[in-house]
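Protein chains in written order, with the numbering used here: chain A, 1 to 218; chain B, 1 to 407; chain C, 1 to 161.
What the hints contain is simulated information worked out from the structure, not anything from laboratory work. Among these hints, one or two may not hold up.
If you anchor each label on the Cβ, the simulated ranges turn out as follows [claimed, not checked]:
id: 1; chain 1: B; residue 1: Ser238; chain 2: A; residue 2: Phe115; range: 33 to 41 Å
id: 2; chain 1: A; residue 1: Phe66; chain 2: B; residue 2: Asp225; range: 56 to 64 Å
id: 3; chain 1: B; residue 1: Glu249; chain 2: A; residue 2: Lys211; range: 55 to 63 Å
id: 4; chain 1: B; residue 1: Glu234; chain 2: C; residue 2: Thr10; range: 56 to 64 Å
id: 5; chain 1: B; residue 1: Glu317; chain 2: C; residue 2: Tyr156; range: 44 to 52 Å
id: 6; chain 1: C; residue 1: Tyr156; chain 2: B; residue 2: Ile245; range: 37 to 45 Å
For glycine and all other residues, C-beta sits at the position ideal for the given N, C-alpha and C.
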Amino acid sequence: MYPQTRTFFPGYIKTGIFGYRFADSKNIVSMVEENEVPPRKVDETIARYGVEKVHRVETPRGVEYFLYRFRNFRLIRYLLNWGRMASLFPAHITTACCSVEFAATHSPRYDPERFGWLPATGSLRQSDVLVVEGTVTSKMAQRLRLVYDQMPEPKWVMAMGACAISGGLYAKDSYNVIQGIDDILPVDVYVPGCPPNPSTFFQAILLLREKILYGRVA
Amino acid sequence: MTVTERKEIRKIEVYDVGEGALKISYGPQHPGTGHFRLIITVLGDTVLEAEPDPGFVHRGEEKLAEYKTWITNIPHLERPVILDSAGIQYPYVLAVEKLMGIEPPERAKYLRVIMAELQRIASHLYWFALYGVFLGNSTMFLWCFGDREYLVDLTSLIGGQRITHSYFEPGGVRNDMPSKVPQPLLKEFNRYYRMVMGNDLPADAEQLRKYITYVCECFDKRLDDYWDLFFNNELFISRTRNVGILKPEDAIKLGVVGTTLRASGIKFDNRLNNPYDVYSQLKFEIPVGERGDCYDRAIVGFKEMRESCKIISQAAEMMPDGPVKVKQHPINIRVPAGEAVARTEAARGEMMYYVRSEGGDKPYRVKISTPSFRLIPAIKYLLRGEEIANIPPIYWSLNYWPVEADR
Amino acid sequence: MSENVLTVVTELENKFGKALLEKAVDTRKLVKIVVEVDSLVAVARFLRDNYGLDHVKAVTGVDLSRLLKKEDKIEVIYHLGSYTRPELATADIALSTKLDRKSPRMPSLMDVWPSVEFHEREVYEMFGVVFEGHPDLRRLLLPEYWNDIPPMLKDYEPPGR
Numbered sequence: 001m002y003p004q005t006r007t008f009f010p011g012y013i014k015t016g017i018f019g020y021r022f023a024d025s026k027n028i029v030s031m032v033e034e035n036e037v038p039p040r041k042v043d044e045t046i047a048r049y050g051v052e053k054v055h056r057v058e059t060p061r062g063v064e065y066f067l068y069r070f071r072n073f074r075l076i077r078y079l080l081n082w083g084r085m086a087s088l089f090p091a092h093i094t095t096a097c098c099s100v101e102f103a104a105t106h107s108p109r110y111d112p113e114r115f116g117w118l119p120a121t122g123s124l125r126q127s128d129v130l131v132v133e134g135t136v137t138s139k140m141a142q143r144l145r146l147v148y149d150q151m152p153e154p155k156w157v158m159a160m161g162a163c164a165i166s167g168g169l170y171a172k173d174s175y176n177v178i179q180g181i182d183d184i185l186p187v188d189v190y191v192p193g194c195p196p197n198p199s200t201f202f203q204a205i206l207l208l209r210e211k212i213l214y215g216r217v218a
Numbered sequence: 001m002t003v004t005e006r007k008e009i010r011k012i013e014v015y016d017v018g019e020g021a022l023k024i025s026y027g028p029q030h031p032g033t034g035h036f037r038l039i040i041t042v043l044g045d046t047v048l049e050a051e052p053d054p055g056f057v058h059r060g061e062e063k064l065a066e067y068k069t070w071i072t073n074i075p076h077l078e079r080p081v082i083l084d085s086a087g088i089q090y091p092y093v094l095a096v097e098k099l100m101g102i103e104p105p106e107r108a109k110y111l112r113v114i115m116a117e118l119q120r121i122a123s124h125l126y127w128f129a130l131y132g133v134f135l136g137n138s139t140m141f142l143w144c145f146g147d148r149e150y151l152v153d154l155t156s157l158i159g160g161q162r163i164t165h166s167y168f169e170p171g172g173v174r175n176d177m178p179s180k181v182p183q184p185l186l187k188e189f190n191r192y193y194r195m196v197m198g199n200d201l202p203a204d205a206e207q208l209r210k211y212i213t214y215v216c217e218c219f220d221k222r223l224d225d226y227w228d229l230f231f232n233n234e235l236f237i238s239r240t241r242n243v244g245i246l247k248p249e250d251a252i253k254l255g256v257v258g259t260t261l262r263a264s265g266i267k268f269d270n271r272l273n274n275p276y277d278v279y280s281q282l283k284f285e286i287p288v289g290e291r292g293d294c295y296d297r298a299i300v301g302f303k304e305m306r307e308s309c310k311i312i313s314q315a316a317e318m319m320p321d322g323p324v325k326v327k328q329h330p331i332n333i334r335v336p337a338g339e340a341v342a343r344t345e346a347a348r349g350e351m352m353y354y355v356r357s358e359g360g361d362k363p364y365r366v367k368i369s370t371p372s373f374r375l376i377p378a379i380k381y382l383l384r385g386e387e388i389a390n391i392p393p394i395y396w397s398l399n400y401w402p403v404e405a406d407r
Numbered sequence: 001m002s003e004n005v006l007t008v009v010t011e012l013e014n015k016f017g018k019a020l021l022e023k024a025v026d027t028r029k030l031v032k033i034v035v036e037v038d039s040l041v042a043v044a045r046f047l048r049d050n051y052g053l054d055h056v057k058a059v060t061g062v063d064l065s066r067l068l069k070k071e072d073k074i075e076v077i078y079h080l081g082s083y084t085r086p087e088l089a090t091a092d093i094a095l096s097t098k099l100d101r102k103s104p105r106m107p108s109l110m111d112v113w114p115s116v117e118f119h120e121r122e123v124y125e126m127f128g129v130v131f132e133g134h135p136d137l138r139r140l141l142l143p144e145y146w147n148d149i150p151p152m153l154k155d156y157e158p159p160g161r
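Assemble the whole structure, with the sequences as input and the hints as a guide.
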């Protein structure tokens, strides 16, 4: 059933502490579809896209370009961003143990609802933020990308905990852990800690708000 | 991956299996579960077959343990259950002590008991918080997490970290607890104490030993409110009474553990039946259910929190002075060759370690048998023939924590 | 307490003298009985019916190939427990067997203890041990596209090492 090669991760999730960390988001999307994508070597894909261009944003053209410019007039942009920043709905996907502190952040002591951060809604179609709560294993990675693709634009990603940032405790010797989720998702805010203190996570919420308020509108 | 293999994966996401039955993937992204998937076959509203599909948080802890030294194993072995990290460190430490042939000092044993019981309460509170959310009682979430913070504060005062403290080590605990409580914490807790008990904290609450008993006393009183809000609530009772009944003979057959086992009427608790450390000297009771339904499971957990409060206050009073560890270990201790098994009662049930040493500075094999893994057959068995609406009450009544099951 | 366990061991020795390969009896650490693969089911049934060992706490696989005293074998250990007989609650009784590492096959104990279902599936994927007679021997924890050797074998080296 299985080929005899030692490539136990397919090309798009090639991990390893000394190897390159890399992902081709297009491949992961197409993996979900039916067509065949042969597993590629890391070097080949880097040669084609370059490491830093993995999550490249397409520049709008034609009418879309004018709309883009219009939305980015300073006042309009500020108003749009203000609206987006003030009500953030995290999607409910718990990937590992950081969800304990994620839930503790919503306790009355911290209460992020003051800042429009409302605890998990059921539907992904109503969510703005994807909080990756901890370790992402290779079994979860596909589903995580699926979840991300189902969320409507604009959307933001927070990497919570050391495992989501770099693999953390499992950066070495673990055969089933993705070494940092920036292999599969574009991350906006990194929250350090193992697990992060609720107040750390709270600061991350404030940082994300700041980032949204002063960022460009796509 | 070939096309056929990929189709194999896709096949489970969906579908029509004939005769009107559908196969549905329930999770891992689903508000009712979380890092866990059930593949359920439904006919109308009835679950014909539920097939648990764990492994979304499988991080290879057992393999990892073979590459790390005996002491550096402790921090990563507690990661599967960070909300009950004392529970998963405990048997590992006991097993290594058995191999090394050392006995921790008396004070360390009491400190371990205090820590384990504090985390048991914290873990149960987390359970009921989420149980409340999934049965539509969001107030329970806020109350549980609000009260949990005071217990977590106490844990961080003793162990130095909120939840991942790595407090236990072979031959004792890492550090002694401080004797005084810092003023800001005391002020914060005083507000809560006044709210619950109606009067200010006594003057001797500055002593940590006394402070622990006041926290327990206060929390025990607070549990009455929980009873009124949640456990004696008509909505809760109607959703859980006579739902998901697990008979005692089935419970034995499936080998379930913890509250699920005791709710079915079998009085088995390692603290009582297989006492370790100082549990044989403490007075406490093991709550047992009668019918084995979801309600009984919740009530057993609720009563356990009361018993844990009792244990903590007793231990805080009985704790002698003295050293807290046999000696300061070097980071690369060598453990004599042999194999040992240790079992303790963690928050979710019986936690078992099998540790094998070759005389080196690293374990040869570490096997973790977690309570959640042993609850998987119960999920499969209990959901068969139930309605879809009963999946959340049953799933959450088992207190199943997928991270722990997958390791 | 320890007498109960010792009687179990001695009676087992009397009944299955030849099938018993080794025993490691230390009531504090672990009481382990290693039996031949062929008589495993019979011993398991005997233990279940006569001593009330009614459930399995864990099924552990151990790859013995890197021990100081090398053996080219995989050991499968069943940790047994009893809910019905409280006097056996303090004992850690284990039933074990050793399999050839090239093609590890053994009969499943599903019929004796239904609680081993998921434990055996785990050992199957982590060590490649095939349990004959298991109704649903499939992958459990690893991802669907895993195409390497079973990870808990000592031959397997995790990435980054």
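Verification of the hints:
| no. | hint | verdict |
| --- | --- | --- |
| 1 | Ser238/B - Phe115/A: 33 to 41 Å | 36 Å, holds |
| 2 | Phe66/A - Asp225/B: 56 to 64 Å | 60 Å, holds |
| 3 | Glu249/B - Lys211/A: 55 to 63 Å | 58 Å, holds |
| 4 | Glu234/B - Thr10/C: 56 to 64 Å | 58 Å, holds |
| 5 | Glu317/B - Tyr156/C: 44 to 52 Å | 51 Å, holds |
| 6 | Tyr156/C - Ile245/B: 37 to 45 Å | 43 Å, holds |
The earlier numbered hints are all upheld by this structure, with none contradicted.
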